[in-house]
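Below, each chain spelled out in residue letters.
Number of protein chains: 2
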Amino acid sequence: MKRPIIFISNDDGYRAKGFNEIVNCAAKFGDVVAIAPDETQSGKAHAITMYDPLYLTLRREEPHIKVYSCNGTPVDCVKMAYDWLLPELGLTPDLNISGINHGSNAAINVLYSGTMGAAIEASFYGAPSIGLSLDDHDHDADFEATIAFAERIIPAMLAIDKPSEPLCLNINVPIARPEEIKGYRICRQTRGFWKEEFFCRQDPRGRDYFWLTGGFCNHEPEAEDTDEWALENNYIAVVPIKVDLTDYARINMLKGLKL
Amino acid sequence: MKRPIIFISNDDGYRAKGFNEIVNCAAKFGDVVAIAPDETQSGKAHAITMYDPLYLTLRREEPHIKVYSCNGTPVDCVKMAYDWLLPELGLTPDLNISGINHGSNAAINVLYSGTMGAAIEASFYGAPSIGLSLDDHDHDADFEATIAFAERIIPAMLAIDKPSEPLCLNINVPIARPEEIKGYRICRQTRGFWKEEFFCRQDPRGRDYFWLTGGFCNHEPEAEDTDEWALENNYIAVVPIKVDLTDYARINMLKGLKL
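Chains as they are written, first to last, in our numbering: chain A, 1 to 259; chain B, 1 to 259.
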């Protein structure tokens with residue numbers, strides 16, 4: 001039987017532990033082709049590179065695994081894969097994976113996340129797409145529980161029919177040992193936003209500079225159908241993602257407005 | 001009577017013609033505080049700067065107008081304004097504007113657009129937010145029709161009650177003289193995606209490099225309630241935007257899946 005083709009990307013770069021763990025895991029289920037950024041691209045959202053040339057470098061080649069890196073953003077990696085590399089190799093993916101991210105992409109983080117930017121972009125090309133993130137920024141984080149779930153979600157996603165509309169899952173895993181995790185929940189995105197603070201200092205030339213820092217404000221901490229609630233209660237959160245940003249509830253309100 | 005406070009940003013940078021036209025226009029309705037990027041940040045989506053310090057520079061100061069620039073992304077500009085500059089100045093905006101962008105942000109462009117990244121981010125802080133774009137990339141584009149519509153939408157948005165949930169409008173203006181525009185339509189985001197092609201050449205050291213280029217594939221060119229249809233038929237397209245990316249229709253499908 002023909003092995004499935006699995007395309008993988010991330011935003012932490014091709015050296016990241018989480019990326020290499022999911023590449024090795026996915027290769028048990030199919031042939032992996034991966035393009036990840038050369039360096040970390042956290043917080044790059046759906047950014048694309050418009051004014052600089054992109055380069056592609058082969059980093060790892062062994063049975064069932066080909067890993068490349070690219071100097072662009074996570075979304076650039078996906079476009080480079082689907083609109084250049086995969087056609088060159090004569091391959092059409094059956095599944096897309098982005099991650100495993102070092103850090104949660106639950107709630108509004110989905111909007112800033114390069115991991116989810118890549119997962120969403122990949123879903124546009126037809127195969128199901130999953131973004132996998134662990135709620136731990138440590139570069140040496142323990143991905144065992146995430147890999148255990150990946151070993152269930154990968155064959156499940158390979159078994160479904162090709163979706164007629166883009167199918168993308170935002171999967172976030174709490175920091176816990178596999179035996180401590182209570183299961184998974186199909187959730188919705190939590191309402192809330194990041195309230196920033198700017199850390200201000202003077203540089204050696206006397207100019208003020210600022211670093212971004214802040215905290216997430218959860219607008220609905222009690223809502224049990226949200227991804228933040230799931231994570232806080234030791235469940236894996238699975239949110240299906242769609243990128244129609246239209247605020248349908250407001251269309252009628254606006255039609256009543258006199259402009 | 002106290003003049004309203006209007007915060008303005010963009011993604012083309014503080015020197016762009018569209019930005020300066022909307023700053024001058026808005027100053028007729030209120031006191032403008034603007035932070036725009038130092039340089040062009042097109043395609044930067046909702047990206048934030050996590051690993052570099054940010055600097056803020058005053059570029060223009062005259063009655064009712066203060067323009068700053070920042071070395072970060074459009075979303076950085078908004079966060080810097082709301083979480084640093086505006087509190088320092090003791091000001092709370094009544095309206096946010098991002099633009100006028102040189103180029104359309106209709107359909108899926110909303111996802112890649114730094115202009116809309118800034119508009120969306122600003123809406124999180126409470127005041128209504130409008131992203132304004134003209135379907136013309138020319139650096140010397142004719143913004144007369146866009147400004148004519150801005151002169152109607154700005155007072156209309158200043159007159160509404162402060163929204164209880166973020167209110168953000170994605171407004172796109174066709175290339176046309178003001179008298180040729182048929183009016184505006186409240187629309188939804190068109191379904192479709194960008195199919196890229198990579199322009200490949202060799203650099204002087206013999207390495208392949210790639211430039212991103214491509215075209216938009218409209219999945220529903222006949223749908224009259226979409227923003228692309230409006231633009232193609234010489235209407236101004238107004239899409240209310242919301243950033244709950246949850247694909248609610250798929251929650252039940254997923255609940256039926258055995259993982």
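Simulated from the structure, these hints should not be mistaken for laboratory data. Remember, it's a predicted structure, so these values are computed and weren't measured experimentally. Do not rely on the hints blindly, as some may be mistaken.
It does not matter which identical chain is meant; a pair holds if it fits inside one copy or across any two.
Using 27 Å as the maximum straight-line C-alpha spacing, the simulated BS3-like pairs for lysine-lysine come out as follows [unchecked claim]:
(1) LYS66 with LYS242
(2) LYS17 with LYS28
(3) LYS17 with LYS195
(4) LYS162 with LYS17
(5) LYS258 with LYS162
(6) LYS2 with LYS258
(7) LYS258 with LYS28
(8) LYS66 with LYS258
(9) LYS195 with LYS28
(10) LYS2 with LYS182
(11) LYS242 with LYS195
(12) LYS195 with LYS255
(13) LYS28 with LYS66
(14) LYS66 with LYS162
(15) LYS162 with LYS182
(16) LYS17 with LYS255
(17) LYS28 with LYS255
(18) LYS182 with LYS255
(19) LYS195 with LYS258
(20) LYS182 with LYS258
(21) LYS242 with LYS255
(22) LYS162 with LYS195
Hints versus structure:
1. LYS66 with LYS242: neither (29 Å within a copy, 38 Å between copies)
2. LYS17 with LYS28: within (18 Å within a copy, 54 Å between copies)
3. LYS17 with LYS195: neither (29 Å within a copy, 31 Å between copies)
4. LYS162 with LYS17: neither (30 Å within a copy, 46 Å between copies)
5. LYS258 with LYS162: So LYS258 and LYS162 pass the 27 Å test across copies only (17 Å; inside, 45 Å).
6. LYS2 with LYS258: The answer is between: 24 Å across copies meets 27 Å, while 60 Å in one copy does not.
7. LYS258 with LYS28: Only across copies: LYS258 and LYS28 sit 20 Å apart there, 60 Å inside one copy, limit 27 Å.
8. LYS66 with LYS258: neither (57 Å within a copy, 30 Å between copies)
9. LYS195 with LYS28: So LYS195 and LYS28 fail the 27 Å test inside a copy (41 Å) and across (31 Å) alike.
10. LYS2 with LYS182: For LYS2 and LYS182, the Cα distance exceeds 27 Å both inside one copy (35 Å) and across copies (55 Å).
11. LYS242 with LYS195: both (25 Å within a copy, 18 Å between copies)
12. LYS195 with LYS255: neither (32 Å within a copy, 33 Å between copies)
13. LYS28 with LYS66: within (14 Å within a copy, 58 Å between copies)
14. LYS66 with LYS162: within (24 Å within a copy, 53 Å between copies)
15. LYS162 with LYS182: For LYS162 and LYS182, neither the intra-copy (30 Å) nor the inter-copy (41 Å) Cα distance is at most 27 Å.
16. LYS17 with LYS255: neither (50 Å within a copy, 31 Å between copies)
17. LYS28 with LYS255: between (53 Å within a copy, 26 Å between copies)
18. LYS182 with LYS255: Between copies, since 16 Å is at most 27 Å while 46 Å is not.
19. LYS195 with LYS258: neither (33 Å within a copy, 38 Å between copies)
20. LYS182 with LYS258: This pair counts as between: shortest inter-copy Cα distance 16 Å, intra-copy 52 Å.
21. LYS242 with LYS255: both (25 Å within a copy, 17 Å between copies)
22. LYS162 with LYS195: between (39 Å within a copy, 19 Å between copies)
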